[in-house]
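Undergrad: I would like the entire structure built from these sequences, with the hints used as guidance.
For the record, the sequence lines run as chains R and X.
Under the numbering used here, the first residue of the first sequence carries the number 1, and numbering increases by one thereafter.
Under the numbering used here, the first residue of the second sequence carries the number 1, and numbering increases by one thereafter.
One or more of the hints may lead you astray.
Claimed, not checked - Here are the simulated distance ranges between beta carbons:
{"#": "1", "chain 1": "R", "residue 1": "S175", "chain 2": "X", "residue 2": "N6", "range": "45 to 51 Å"}
{"#": "2", "chain 1": "R", "residue 1": "L19", "chain 2": "X", "residue 2": "I231", "range": "30 to 36 Å"}
{"#": "3", "chain 1": "R", "residue 1": "N100", "chain 2": "X", "residue 2": "I15", "range": "19 to 25 Å"}
{"#": "4", "chain 1": "X", "residue 1": "L35", "chain 2": "R", "residue 2": "L105", "range": "42 to 48 Å"}
{"#": "5", "chain 1": "X", "residue 1": "G177", "chain 2": "R", "residue 2": "V265", "range": "44 to 50 Å"}
{"#": "6", "chain 1": "X", "residue 1": "L47", "chain 2": "R", "residue 2": "M15", "range": "37 to 43 Å"}
{"#": "7", "chain 1": "X", "residue 1": "L181", "chain 2": "R", "residue 2": "G33", "range": "39 to 45 Å"}
{"#": "8", "chain 1": "R", "residue 1": "R225", "chain 2": "X", "residue 2": "R36", "range": "31 to 37 Å"}
{"#": "9", "chain 1": "R", "residue 1": "R14", "chain 2": "X", "residue 2": "D168", "range": "45 to 51 Å"}
{"#": "10", "chain 1": "X", "residue 1": "T10", "chain 2": "R", "residue 2": "R163", "range": "23 to 29 Å"}
{"#": "11", "chain 1": "X", "residue 1": "T10", "chain 2": "R", "residue 2": "N100", "range": "17 to 23 Å"}
{"#": "12", "chain 1": "R", "residue 1": "P224", "chain 2": "X", "residue 2": "I28", "range": "51 to 57 Å"}
Said to hold, decoys possible - Covered, in the sense of this in silico footprint (three residues per stretch, anywhere, with C-beta under 8 Å from a C-beta of chain X), are these stretches of chain R:
{"#": "13", "segment": "64 to 74"}
{"#": "14", "segment": "125 to 132"}
{"#": "15", "segment": "158 to 166"}
Source of the hints: derived by calculation from the structure; they are not laboratory data.
For every residue, glycine included, the Cβ atom is placed at its ideal position computed from N, Cα and C.
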Amino acid sequence: MKRRFKADRFLVQRMGISLIALAAILTVVPIIGLFGYIIAKGAPAISWEFLTTMPSNGMRAGGILPAIVGTFYLTLGTAVLSVPLGIAAAIYLAEYAKENWVTRLIRIAIINLAGIPSVVYGLFGLGLFVLFLKFGTSILSASLTLSIMTLPVIISAAEEALRAVPQSFRTVSISLGGTRWQTIRKIILPQALPGIMTGVILGLERAAGETAPILFTGAAFFLPRLPGSPLDATMALPYHLFVISTQVPEMPIQIQYGTALVLIVFVLGMNLIATFIRSRARAKRQW
Amino acid sequence: MDKSPNWRETFVTAIVKTCGYSAVVFVILIFFFLLRQGLPALFEVKLGDLFTTRWYPIENHFGILPLLTGSLVVTVGAMLIAIPFGIGTAVFLAEIAPRWMREILKPLVELLGGIPSVVLGFLGILLLSPFLRVFLNLPTGLTALAGALLLGAIAIPTTVSIAEDALDSVPQGYREGALALGATKWQTIWRVTLPAARSGVLTALMLGVGRTIGETMAVMMVTGNAPVMAIKLTSILSPVRTMTATIAAEMGEVANGSTHYHVLFLIGLILFLISLAVNITASSVIFKSRKRAERVLS
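TA: As structure tokens, then:
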């Protein structure tokens, strides 16, 4: 009886661990396949011309320059607002805020901001920036909408980076006569910078790949020129991929895969930069 | 020169504090604007008509039940995928895989989370739905199932990443204790490590699912967008339409201030409230577990 029990529990162990390994394999292998597939299918479409010319023939030929430039502008516009605001908010939470109900309310707000569906941000941007503030369908409206969506990512990451700086750095700076702000600006921020940068890039990466928030706030279906001012609408890579894969009949498949590859390289390239900064900072860190 | 820091301190503190409150301001602003544009719908469409099964805005049929059930069936399907595969992968990475393998695989899974959902939707159209159509012999592959599979893929990185962190932070002594008492590795995982990391794993699932409810592009591209009631078991194999996809697909074409426009904002308001509920629940789990950890430590 006892022996059987013992055999059973090792059988159970073998089955359990096999099942878990299977789940892991079924999760990981498709991910590798997915990247490989897009690279293999998209690479032949990539050429200098594809990256630097306007679309032609109803987007069925030519390049995707306006979409690339548009996504670049949107990412830049998002950074301009969300980075200073997010870092300042993180400084408040990490260095100034006391643990009371107000701070708790801010934390709950940040968690909720991170969870709001992207299409709801689109509605909000339409209601506030496009219609109420009359910015129209523009890079400005879309960037502002994306900024608010990106804010919680930047705040959380920056706060974590600031908190990771050892307390002794603050104590020493204050004891040498530094004020609170001098301590933050000259000691804490430089130390936390790599961590903050990582968070910022990861936040902007998400913004660059989003479609739903810009759908009604700044994305143009087709615009055969580059946007000239922040009040122009713009093409963008994610929305362009959506358009050419669902809205344009007889779209050459190669251009679709090429656009998907460019978008992924754009987004994951940012991810790689963030990873690089993080690992380099870890290696250099003295605490 | 020595006078300025004091003045500067006050000034900077004021700015930093204002920015600190910005998240609260934005949540309130979003709520306010959804309310402002969404509430009129309740006066323009009778509540009874809102909860009917016909969504056909051109003829003023604004029954949101098909959209609610559409979102529900796709989300539940995604959960059924994300729970076994997400938790399984997290357990594998934290408890079974050797360290070098974990260092490679975890970033890889997190990389999936960085892929824009529109790319997943694109692959869903080109690869997944034709495969489902042939494999399951359906009239169309653009079904709730295709949406659920994609949403599962979208929920998995979040779930794996947070659940793995939670499992990893279970003190090594727990495992050593169980093994020393004669438990097998599997018994240790199943009866000690997983229960110890329970709240973290639960949070991981909730945040993963939270992402799926709000997901728009991938779902809109592969679910076929038919606003029909999804209440039968076979609904998973037929086209559905979610709340998010409805907003994304129709908002571009409605006249500002029309009833249709207000109803779409009302749907946005419902989505906002759902995500609020999910996130407040998830965060209260985090707070609770933190308090318990503090109790244990003191």
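Undergrad: Hint by hint, say whether it matches the structure.
TA: Against the structure, the hints come out as follows:
1. S175/R <-> N6/X: 45 to 51 Å: violated (18 Å)
2. L19/R <-> I231/X: 30 to 36 Å: Given a distance of about 32 Å, which is inside 30 to 36 Å, the answer is holds.
3. N100/R <-> I15/X: 19 to 25 Å: Cβ of N100/R to Cβ of I15/X: about 20 Å, so the range 19 to 25 Å holds.
4. L35/X <-> L105/R: 42 to 48 Å: At roughly 19 Å between Cβ atoms, L105/R and L35/X fall outside 42 to 48 Å, so the hint is violated.
5. G177/X <-> V265/R: 44 to 50 Å: About 48 Å separates the Cβ atoms of G177/X and V265/R, which means 44 to 50 Å holds.
6. L47/X <-> M15/R: 37 to 43 Å: The hinted range 37 to 43 Å is violated for L47/X and M15/R, with Cβ atoms some 52 Å apart.
7. L181/X <-> G33/R: 39 to 45 Å: Once the Cβ atoms are compared, 42 Å apart, the range 39 to 45 Å for G33/R and L181/X holds.
8. R225/R <-> R36/X: 31 to 37 Å: Check passed, 35 Å falls within 31 to 37 Å.
9. R14/R <-> D168/X: 45 to 51 Å: Between R14/R and D168/X, where Cβ atoms are some 24 Å apart, the hint is violated.
10. T10/X <-> R163/R: 23 to 29 Å: Distance hint for T10/X, R163/R holds at roughly 24 Å.
11. T10/X <-> N100/R: 17 to 23 Å: holds (21 Å)
12. P224/R <-> I28/X: 51 to 57 Å: Violated, since P224/R and I28/X (Cβ atoms, about 41 Å apart) do not stay within the stated range.
13. 64 to 74: Since three or more residues must qualify, the claim that chain X covers the segment 64 to 74 of chain R is violated, with 0 doing so at under 8 Å.
14. 125 to 132: holds (count 5)
15. 158 to 166: Answer violated; 0 residues pass the 8 Å Cβ test.
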